[in-house]
Amino acid sequence: MSMGYRYGRPALKASVDVQLQTAFEDGNWNTVIRLAARRAATLKDPYYEAIKICAEAQLDGSADRSAVLTAVDELVKNKKVPDIDILELYEWACRDFIDYDIEYADTFGPLRVRWVKANPKSPIALQSLQACVERWDLVSAQQIATTLDKTYANTSDRRFMFWNITLTFLLSCSDTSRKVYSLLAAKQLERAADLTENSPKLESTDRGLVTEEEVCLYYRVLLRQGAKAEFISRLQSPKLGALSQLKQGHKLLFCEALDALEKWGEWELIFTLCRDALKLGLDGETTLFFVCDLRIWRLFATAASKVADSESAVKEVKEILDKFLEAKPQAIPLYRKNISLAVLETTFRLPAINQNQADSSLSPRVEQLGLFLDQYFDKLAAFDDVKGYVSELSFEEMQGFLDVLPGILDEVRIAHRLSSRDMTDQRKNTSKARLMALKALECRLRYLLTTCPQTLTSQSEGSSQCLMCSNQASLPCEHCLRKIVVEASAAYNEINSDKEILEHIPTLDKDPRLDLAFAIAMSLLKLSGLRPRTSDPTSSSLWQDVNPGLFLQAVLLLDSQLKFTPNNVELRLLLVQLYLLLGCASYAYQLWNPLGVKRTIQDALSPLFFDRISSLSPGLFQGSVPPTEKLRSFYNQSLRDNSPVRIWDAFLAGSYTSILDMSEYDSRLRRSCTLMMTVVEERRARRCYGARQECEIEAHPLLDKITHDTVLVDKTDYGPFPNLESPHGPPIHEYLRLGPGLSNERSHLAFLAEQYMDLLSYKPPKDFKANRPNEVAVRDREYTLDTLDDLSASLTDFINAPNTYSFLTPAERTYYTIISLLSSALFTALSSPRSEPVSKSLSSTTASIKKAFNSLRTTLSPTPNSPASLPALTPLTNLHTLAFLRESALAIKHTSLFATSFHDKEISRDRTGRSGLHRDALSEMRVLGETATKALVELKGHVQKLKEMLAEGGWLDRVLNLCFEKGGDVEKAVEGVVGGREEAEEWVGRVVESWREGVKGWGMVRWE
Amino acid sequence: MVTVRRFRPEDLNKLAKCNLDPFTETYELGFYLQYYAKWPSLFQVAEDQHGNIIGYIMGKLESSPDVYRFSPHYLPWHAHITAVTVAPEARRMGIGRLLTEQLEAAADAADAWFVDLFVRTTNHKAIAFYKSMGYSVYRVVKDYYGDHSADPSRSSEDAYDMRKPMKRDVKREHIREDGEKHEVDPSVVCLAANTFRLAIDICEYTLIDMWLDVIYGTLDITDLLHLTCTEQHFL
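Those protein sequence lines, which keep their order, are chains L and Z. FYI, the numbering used here numbers position 486 of the first sequence as 1842, with every residue one higher than the one before it. FYI, the numbering used here numbers position 75 of the second sequence as 82, with every residue one higher than the one before it.
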């Protein structure tokens, strides 16, 4: 800005006298007003009048504040070039009104454009551009940038040209009606590209493409425009082509070009580019391993299999790969491994590559897997590296692979035996520890095979047989899983009983007990019958299909592993999910906190704990600071301004692709499902305790740009989970979640439901008294009906969308259906004239509401599968249903209250009685209200009963019996790993205590 | 299998493998985006086959403000490694070395005199690693860190300011052989290295507020410096 800022206030012009300066700096507004008025009268300088208006805007009175808005409005209307000092004073004074009372793009933006057009060479012109960019007024910013570009067209400062192009392009991205701007940006860049290609050397004043950022901006614009032919042609050009850029050490274009070409299926060009890029390294034109990345090798191999002359292509792949294999010894471990994986990749994608290999009883794929594991079996990432490939093996190959694994074991054993004679004790013990690491990997791989459909064969009468163990089985084979539990437990106990191995675990990449614990726990969870939660109403209770004993054993085993590896993230996350399923939210929270999910990573990771948390444990929200506080603070800080965080820095640095990426990231963050989740969870928790909502959800500052058409985005990161599952089935996190993950559909439904609750709970301010009550009442009714109509239509649209139910739990499905029906019923009730019969749709809608509500009530009852020894387990793991039953009951009750109170108000206002509700409508609403009230009493009793059950003694024995009562091989194996029943007692204590804590929180919930 | 490429903002949704490691700090969004906005080529990531970020380096190019040009602590145009981290599962594969080399290449391309970084004097693994890459101790910054990694009873720890000369420094003017003997106060680093600006970026303070807080004693200058500590967890 032209003026400086001190203590957050603008510094006045130097010509202003000290007395006024001091009063302004001190914020002594009454003095400022008095002095400025006096100076304005004496000096006839409008600047002093502006100071006075700004000072008035700092006072509390709304009349004082409106003066500055009027002044700005006049400036906009009079079409004259404004005084920049006055303009900046006003901009400062209006800082709190922008986006609310005035739009920057309608006021200050155009005023700044007007000023810059009149003073294009002033340094303040650049500051005006910054101001518009930082307010994200792209229209004004683009106009200023165009003016600056014209003004400085022949100077060496090329930023103006690219700011102009970038802003022109951004404008077209932000508003689809401005597509022509995209064309304009493309044309300018095309001219620049031609100039670059055709000039032997660019001068500093030439308007060509020089830097990597400028070149990549050009390609981005082409891509966005869908100018495929131009993109491909330019990509192969001598100066701006991808290879030419690579030679200059610029990798970005190459990577982005491959992404685009893959989407278009341009395999011939992908093949050529990858080949030539890899050759550049071999020929010394770039560093050897510059493009020796996973992605390049994968694309290279895939492209070779898809090009017209695949045979020659495969040959070329082999030649290049061989050259890299020759160079492998000089590479750092990262590239050595990348090359090893490239061999695996080509073996799997290009079978022809191994045609001339020597005969072997093993398939080339298995052979290469064996060779790879020979080198890397003891590395932490070994399982993830080979998982995908192993899942692709045929059953015969799987058998071969299982034969290879002990082969590696033998080699390690031989090394171990050798070490007995020749090596030091330390190396001997390290070797023993590595042996156990291999055993752990073998267990994980065996588990993986149980998730691969190739291990099953169909038999007559629809049954199937496990090819691994020859037993009748379905996927996963229970017999194989039991075997894994027993064998992995034996290995686990072997480690724990060998002091020497224990001492050498720190020398390994990973504690093998952790891998073994994962294999055992996953097997137990599968044996327990745990499946991904769906919207199937019959599977609302965890114990409907899950064996509680086996499930508890898995949790116990993982919890006991936590003692040995407390900092392992995978283990902690797994336990957090399992405890949430088990209804132990407070204990899950204790495990979650040390993970340190804070600041920037919250958007991606917080849903792993906070999604649906208010429905599991409203008690967590008791206290002065809600658990979601950090999350809210992250969004408040990151989305405070309209512009993307730090965007001007990117403009100044000439980072044009950063500008585009940051803008896209910002747009996505503002539409984040996690953001919606945060607001909704807090609101639901507040409703539990009868606290006032801070504002209506539509007016929430973080959500005020969300409309029903906004596509909300889920970016939850499931990467840190230990996923032992094959790609043929769902990933592990889908088994562990309470229900389907965040989605656009669920987020919108939650948003709409909250809007409906806002409508029901709206109360006008106490001091509000309408001058014309009848007129206001009519308008209120119209507004209510319009809102209900909108809500009902949007809710129906989302609920009836083809896949919506797959994004909801059964309880959520019923709740949102009820809200949708309620909005429709209320609309009918309020809009039906008293003089005519009420539409029959009202009674059918209320009947549907009651039916849906009652079906949800029945799901709270104990299921036939509830463990007899522990009947309380079912309700403890079904708190989510309890929560949505309560929410549904409240919505019904408030709808009924809204209707009756509306009727009462109308009757007292309009004595003719014509504007009240129809008798039948009123009666329907009252019946609904009574049903909800009765249900709420029942629910309160349900919680009280639960509390009493948990207060009873004998929990320790009952839970332990559930875990170990069968005494079979599996139970004995797990008992051995966790150190017996005595060791498990402390764990049971923690679980029961967490249940008690959760129910205590529910005990404080309001049921009225 | 690993792909090394330039950072992009979407990677912030895939940082879990690195940032859930207790030794890796997670910053505010503005901090990451500032680096991406100003020095995108100095912000590189290593990505695994599932799209998870398993390592990253953040660096910047800067010099001391001109006002310090004649100060003995003036820092000429150089690159600074702000954070380098590798997920536990990807350690010992040379990813830290590779990322550092990439940053050095970018520093050379930007005609920097040297690359520098701060490391705890007790972080022997990191020091050995950097020495193996050609870095040497330029000076010891006393009480640079506000805690002690090995001794909880101590409230501070010294840092080595380590440097590696780039191609521009043909005469090796910006390195020392006996750097361990040169001790400086943290305020020297702060004033000369333009660290205030970075601290402001982290804390969202205004410059004047920061100065006032330091002057009135409500903010310790070392606390300010801790916000800018280099992170090194990759060995």
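Honestly, I wouldn't trust all of these hints.
To be verified - Lysine-lysine pairs mimicking BS3-like chemistry, simulated, CA-CA at most 27 Å apart: (1) L:K1603 <-> Z:K45; (2) Z:K174 <-> L:K1557; (3) Z:K67 <-> L:K1603; (4) L:K1506 <-> L:K1369; (5) L:K2071 <-> Z:K45; (6) Z:K45 <-> L:K1954; (7) Z:K149 <-> L:K1684; (8) L:K1954 <-> Z:K67; (9) Z:K45 <-> L:K1506.
No lab work stands behind these hints: they were computed from the structure. In this text, all values refer to a predicted model and were calculated from it rather than measured experimentally.
*Which earlier hints turn out false for this structure, listed by number in ascending order?*
Of the numbered hints given earlier, those the structure breaks are 4, 7, listed in rising order.
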